[in-house]
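Protein chains in written order, with my numbering: chain A, 72 to 436; chain B, 31 to 379.
Hint data in this document are derived by calculation from the structure and do not stem from the laboratory. Hints are not guaranteed to be accurate.
Said to hold, decoys possible - The calculated DSS-like cross-link candidates involving lysine-lysine, where the alpha carbons are at most 30 Å apart (straight line), are: (1) LYS189(A) / LYS228(B); (2) LYS72(B) / LYS189(A); (3) LYS189(A) / LYS199(B).
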Amino acid sequence: MKKLLLTLIIGLLCAPIFANNSLTADFTSGNPEIGSINAMTFGPQGILFLGDSKNSQIVAVDLSAATKATNEKLYIKDIEALLGELLGADSDQLQIIDMVVNPVNQNIYIGAQHSSGKSFLFLVNNGTLENVPLTSVSFSKVDVANVVSEDAKDRRGRSLRKLAITDIQFADNQIMVSGLNNAEFASTFRAIPFPFTKTQNDSSLEIYHAAHGKFETHAPIKTFMTTTINNEPHIIASYTCTPLVVFPLKSLTPGSHTKGRTVAELGNWNTPLDIIEMTKDGKRYILMANTNRALMKFKVADIESFKTSLTTRVEERADTEGVDFINLPFVNVQQLDKLDDANFVFIQREANGKLALKTSSNRWL
Amino acid sequence: MRLRIIILCLLQTLAIGAQSSKFSFTRTSVTITTEDTNAQIKVYKGSYDSENQIENKTAILGNTSHTDSTLIFSPLIPFQKSGSYTTVINDHTFYEFTIPLDPNYKHLKVDEIYPNTATLPANFLKWYIAFSKPVNPTNIYNHIGLVDNATNTKVDRALLPLENALLSKDGTLLTLWIEPGRQKRDLIPNKRLGAVLKEGASYTLIIDKNLKDVDGIPMDSSFEYTFKVITSDRDQPNIKEWEFSIPKSNTKDPLIIHLNDVLDYGSVYNNITIISGNEAVLEGSFTIKTNENKVLFYPINNWTNDTYTLKCNKVIEDVSGNNLERLFDRNIQKEIVQPTLQRTFIISD
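So that you can see chain A by itself, here it is in the shape it has in the complex (with noise of 0.2 Å):
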């Protein structure tokens, strides 16, 4: 019994401990060698999530130790004009490739590409932009590489092969990645436990959609979130010809051959950007921003209620199918994210042709 209690109580103390260290435990000090970034997420205690097709990585990075930002205005009116000043470069050598919000304390992060190939990390900062440099930080790192053979090369000894990241994601301790890979048109989805670990026990899964009971294709994921459906964890993907499918992260096991649900087909040429999930009078309501349509609200409890997948030809309104959905009147927005309970930031084209980045509230939704 003494020894009982004793286990207890040392235990008990030590408990916090862990649990506070217990994500970055592993985290080394230096320079992660962040080739390019491709996407980003947020995890929990302010942990940064690189996606870097360029070294074929995926790369934490501690930023809880940043300070919160100053922005009693978050509106920058040309930010392709800024980061043109800022880097020296004409703008359209100059792409923002992904905008995250760190949920902790609200800093919005902003990854841009330069053609060089380089990437740099912006905080939004008292309405311009601060370079975050990644070349001494705290950080943990996976391979990601094995995704695609690295040993295709062609005569002239470039290496063919690359897997390009579309879209991150932390959900249920373990971060998931998306990607298209440039050689064959096909799904390359995998989840990874973090911390990452030298033997990573991930799952690698081919991810089919039908369309309309008729045929099946492999397709990549373009952008993805989890959220629970009928309270299951579930993966909401959008594709890049177009339907939005789910399926549940429980199906997420090594080798397997899932295949989605498909509650909605979004209309022509309309490639997703990101989509997040909002919160209004205890009801959810997902965002989804794409290239070539409005900004799309869906109510979670019709996809929970869209039980079956679409099997049969519903015609409910010109070009889309399925979960219904209502256009909200921004168009061209470009990046996307929740900035806090009550609010999003997004990144638009306006009408102009500059682009801008600003906030709006649920009141939309």
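Got chain A; can you put chain B on it based on the hints?
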């Protein structure tokens, strides 16, 4: 004091020497000779010569260091070739400079496109475009279009734009997808707009000359590739129909595999292996000539009298995305037939 120096230097080196006793620049730094170690140095993109002009401008990010007699600014990324900049000391002394372009500069060009056949099936899926040097990946799809030759108009929503361009690691090989939602049977884009390519029609893929390389220098001329569209390909490639030109024993002559179909260039890479009779993977190199319907294997060591096996990965696909195992958009009411994935051949004297 307001000093204005315009330097248009035609030197081809990146590290240009001192352009004046007080001011010099290279692509990666600006150096000012000064004994004022507290002097403030800022560099702006563009040509300016007064404080008013830079009032609303943001200075380039970089690092500043100094010695007893010099102040050095190093930008985060090298100054752009042909780009003009202005260095401002203590907000009032201006030095304008332009990074020169080598007059013999080799401009970006398209070396090859796969496939480059005169005809393509209506359900064609993707091209690979090989550039002569690393290409600027940012907004690359804005410079590529498909034109219907009958109307001489750009085909709307024909190519899939991606934020992260599908480029090989060295930045020279671009994968370009026809909009997949329109190529897949029964998806809404396919039903509403039909396939991108109409059977019998003629098209030209155009890469406009404004596409730049990683240094920001555009191509010399546009690239065009014209083709005619034939009926959709809904047959899987079948390696049983491949023919071999078999080399003799005791030579290092290539094994030539004659393909029965135009295969997808990328999918063939690293997906064929040659196995010897004792089940060892033969060392050697493949040359993929999908534009000539050929694959060549050059062994490192001489062929010996033996029975060899050619093994293929099921992901090898044709130009319509049909692979050895399944059609691109498979009718799920039809059963999958187990594909043939290996062939044997005999080498003799």
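How the hints compare with the structure:
1. LYS189(A) / LYS228(B): Cα-Cα ~40 Å, so violated.
2. LYS72(B) / LYS189(A): Roughly 22 Å separates the two Cα atoms, so the pair holds.
3. LYS189(A) / LYS199(B): Holds. LYS189(A) to LYS199(B) sits at ~13 Å (cutoff 30 Å).
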